[in-house]
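Based on the sequences and whatever the hints tell you, model everything.
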Amino acid sequence: MDMYAFRTLRSQPLRLILTIGGIALCIVLMFFLLAVYRGVADGSVEYIRQNHADLWVIQDNATNILRGSSLISMDQINAIARAPGVRTAAPVLFLLSTIRNGDRVGTIFLTGFEPDKGLGGPPQLAWGRGPRADDEIVLDRSFALKFGFKAGEEVDLQGRRLKIVGISRGTNAFVIQYAFVTLRFARKLIGVPGLATCVLVNAEPGAEIGPIREEICDVLAGLKAYDQETFLANNVREMRSGFLPLLYTVAVIGAIVLTAILSLLLSVNILERRKDFAILKTLGSPLAFLWGMVIKQAVLIASVSCAAALLLFFPLVQVVEKISPEVTTKSTVGQIGGVVAAVLVMSLASSLVAIRRLRRIYFLEAFS
Amino acid sequence: MNAAAMSGPVIRLEKVTKIFDASGHPTTAVRNVSFEARRGEMVLLLGPSGSGKTTLLTIIAGLAKPTSGSMTLFGKGVEEYSPAELQSLRADKIGFIFQTFLLIDSLTAGENIEIVLRFCRKRRAERARKTRALLMELGIEHLAGRFPRVMSQGEKQRVAIARAVANDAELLIADEPTGSLETQQAVGIMGLLHTQAKRRDATVIVASHDLRLKEYADRTLHLQDGEIR
Chain D
591 MDMYAFRTLR SQPLRLILTI GGIALCIVLM FFLLAVYRGV ADGSVEYIRQ
641 NHADLWVIQD NATNILRGSS LISMDQINAI ARAPGVRTAA PVLFLLSTIR
691 NGDRVGTIFL TGFEPDKGLG GPPQLAWGRG PRADDEIVLD RSFALKFGFK
741 AGEEVDLQGR RLKIVGISRG TNAFVIQYAF VTLRFARKLI GVPGLATCVL
791 VNAEPGAEIG PIREEICDVL AGLKAYDQET FLANNVREMR SGFLPLLYTV
841 AVIGAIVLTA ILSLLLSVNI LERRKDFAIL KTLGSPLAFL WGMVIKQAVL
891 IASVSCAAAL LLFFPLVQVV EKISPEVTTK STVGQIGGVV AAVLVMSLAS
941 SLVAIRRLRR IYFLEAFS
Chain H
194 MNAAAMSGPV IRLEKVTKIF DASGHPTTAV RNVSFEARRG EMVLLLGPSG
244 SGKTTLLTII AGLAKPTSGS MTLFGKGVEE YSPAELQSLR ADKIGFIFQT
294 FLLIDSLTAG ENIEIVLRFC RKRRAERARK TRALLMELGI EHLAGRFPRV
344 MSQGEKQRVA IARAVANDAE LLIADEPTGS LETQQAVGIM GLLHTQAKRR
394 DATVIVASHD LRLKEYADRT LHLQDGEIR
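Sequence order for the protein chains is D and H.
Every number in the working numbering is 590 more than the matching position in the first sequence, counting from 1.
Every number in the working numbering is 193 more than the matching position in the second sequence, counting from 1.
Because the hints were derived from the structure by calculation, they are not lab data.
Here the structure is a predicted model, which is why all the values come from computation and not from measurement.
A couple of the hints might just be wrong.
[As the list claims (entries may be wrong)] Mimicking EDC-like on lysine to aspartate or glutamate, the simulated pairs with C-alpha atoms at most 20 Å apart in a straight line are: (1) D:K736 with D:D693; (2) D:K707 with D:D650; (3) H:K258 with H:D418; (4) H:K286 with H:E234; (5) D:K865 with D:E794; (6) D:K886 with H:D298; (7) H:K407 with H:D285; (8) D:K886 with H:E304; (9) H:K258 with D:E955; (10) H:K258 with H:D298; (11) D:K865 with H:D298; (12) D:K814 with D:D650; (13) H:K258 with H:E234; (14) H:K208 with H:E420; (15) D:K865 with H:E304.
[Claimed, not checked] Stretch-level coverage of chain D by chain H, calculated; a stretch enters the list once three of its residues show a Cβ under 8 Å from a Cβ in chain H: (16) 680 to 690; (17) 763 to 774; (18) 865 to 874.
Using N, Cα and C, we set each Cβ at its ideal position, and we do this for glycine too.
Here it is in structure tokens:
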């Protein structure tokens, strides 16, 4: 009788294909949203994760670098560097700026850092090296692809010519991409010497972080020092608060559409086969058997749809990333497994909606 | 079930009345019907369309409740059975033959028979063995993998009878089994049903307007306007 579940679905092939197609697209949407989220999540905080600073010092009104405003003076930077137990204090200046080359113009999150300090630079290089001189720049890979900037060519940044000496990875925050220049060059752009957005601190070997943090916060009013883990969490939280509500909304809409499509198919199938169901009831079928049949149909459709979605998803991602390089996606087995599990749960919910129709099928229909 | 019940009638109806009340217009489908049927007996409910035959069959099978009167099924008042017990009773002890046979189109002949055995909780191997045996007994083993849409009326009849007796039913209920058949086919199916029922000592209740069936029945009850005349 398991074949009955399958054969009744197969008896309307066009309807079945359209249903599986619709559900597969909903699943692709969910896969895609999660992959974009993971790509954005990594791109937004990879800079922090890869820089391995013991402490991130920032103005106390800001908790993150994504959506916070912080200015630290030269005196404060020097005081941080002199604090007991500090080996390296690397100031970093973040600016929003515009890069152009001919008619190609793009906005970047310009990151000025001191290359000799070994902190604050690009987390990964896809090509080339980091900037060493004031006329050199490293661009994010997605940004370079989107605007057609090529490695080795010169670009214009606020009237200054810079050579692209490197292409970075893990620096795409979806709405904005990082670019890296020397701190001296960044300071020249704003015309205020000695200014930084934050200071990355590494401690002397064997020195405890707690006392250094207390020293910085006690002595330097208006500054706050976060350990790597806390600062990373702050930035992740900030990124999620801006992005997750949209993701959840679209994902929930996708899930509702999926459940509705599947419920509709199962319900129509029951209504069209109501005489069969009436016969089965009359012949002594337990209700659980009929429910099981509808559930099997739901799970079967959901499984085939998941397989179809997986086949569609990876080529689709390649196409999207080619068309919009700033859309960086990242898929893991865990998130795909999570979506598949969620789809199976939704298929059960759909079957429960459809099963209610079974109650309204009466024995007497077998005798009419 | 006790010995008295075993030796008593398989079904007994006393002054059974069934009134349908659709949209405030009550219609009496069955009125004060009393009769009983014993093991191995074939009872023909003969009457024209609308005489209440099918309603009476559904009451006998425990599928509909009488509005008044009482009915015992296998020695127990039908109202004493829970819905789950009635479902088990239909699966284990009652076989059905519907008008135009009503085989399930999406299942093969073998599967149409096997499903009944599944309802009475037979194991897979037992179901397969019994299905094969029934197909052979009725001379339709070649139909095992065929779907109803490619079967002749005669073949469908045989599959329907095999399905009805698959659970070794003690009570067989047939609703207009010859309704749309030519004489030769009607004689064929009744002969087959009669043989199968006698072989199993099953009680058979047949509802029909077909006078040709009288010769197979042990007893004929004439039903008109819901009453036995």
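Restraint check for K258 of chain H with D418 of chain H, where alpha carbons must lie at most 20 Å apart:
Holds - the C-alpha atoms of D418 of chain H and K258 of chain H are around 19 Å apart, at most 20 Å.
Given pair status - D285 of chain H, K407 of chain H, alpha carbons within 20 Å
28 Å, violated
Pair hint K865 of chain D and D298 of chain H, alpha-carbon separation not exceeding 20 Å:
Measuring from Cα to Cα gives roughly 11 Å; hence the hint holds.
Regarding the pair K736 of chain D and D693 of chain D, is the alpha-carbon distance no greater than 20 Å?
13 Å, holds
Going straight from one Cα to the other, do K258 of chain H and D298 of chain H come out at no more than 20 Å?
30 Å, violated
For the pair supplied as a hint, K865 of chain D and E794 of chain D, is the alpha-carbon distance within the 20 Å limit?
It is violated: about 81 Å lies between the C-alpha atoms, which goes past 20 Å.
Hint check: K707 of chain D vs D650 of chain D, CA-CA at most 20 Å. Holds or violated?
Since the Cα atoms of K707 of chain D and D650 of chain D sit roughly 24 Å apart, the hinted pair is violated (cutoff 20 Å).
Within the segment 763 to 774 of chain D, is the number of residues with a Cβ closer than 8 Å to a Cβ of chain H three or more?
It is violated: at least three residues are needed, and the segment 763 to 774 of chain D offers just 0 whose Cβ sits closer than 8 Å to chain H.
Do the alpha carbons of K258 of chain H and E234 of chain H lie within 20 Å of each other, as the hint requires?
24 Å, violated
Between the segment 680 to 690 of chain D and chain H, are there enough contacts, at least three residues with CB-CB distance under 8 Å, for the coverage claim to hold?
Result for this restraint: violated, n = 0.
With a C-beta cutoff of 8 Å, work out whether three or more residues of the segment 865 to 874 of chain D approach chain H closely enough for the coverage to hold.
That given contact holds, which follows from 7 residues of the segment 865 to 874 of chain D lying within Cβ reach (below 8 Å) of chain H.
Given the hint that K886 of chain D pairs with E304 of chain H, test it: the Cα-Cα distance must not exceed 20 Å.
Status holds; Cα separation ~18 Å.
Against the hints set out earlier in the document, violations occur for numbers 2, 5, 7, 10, 13, 16 and 17.
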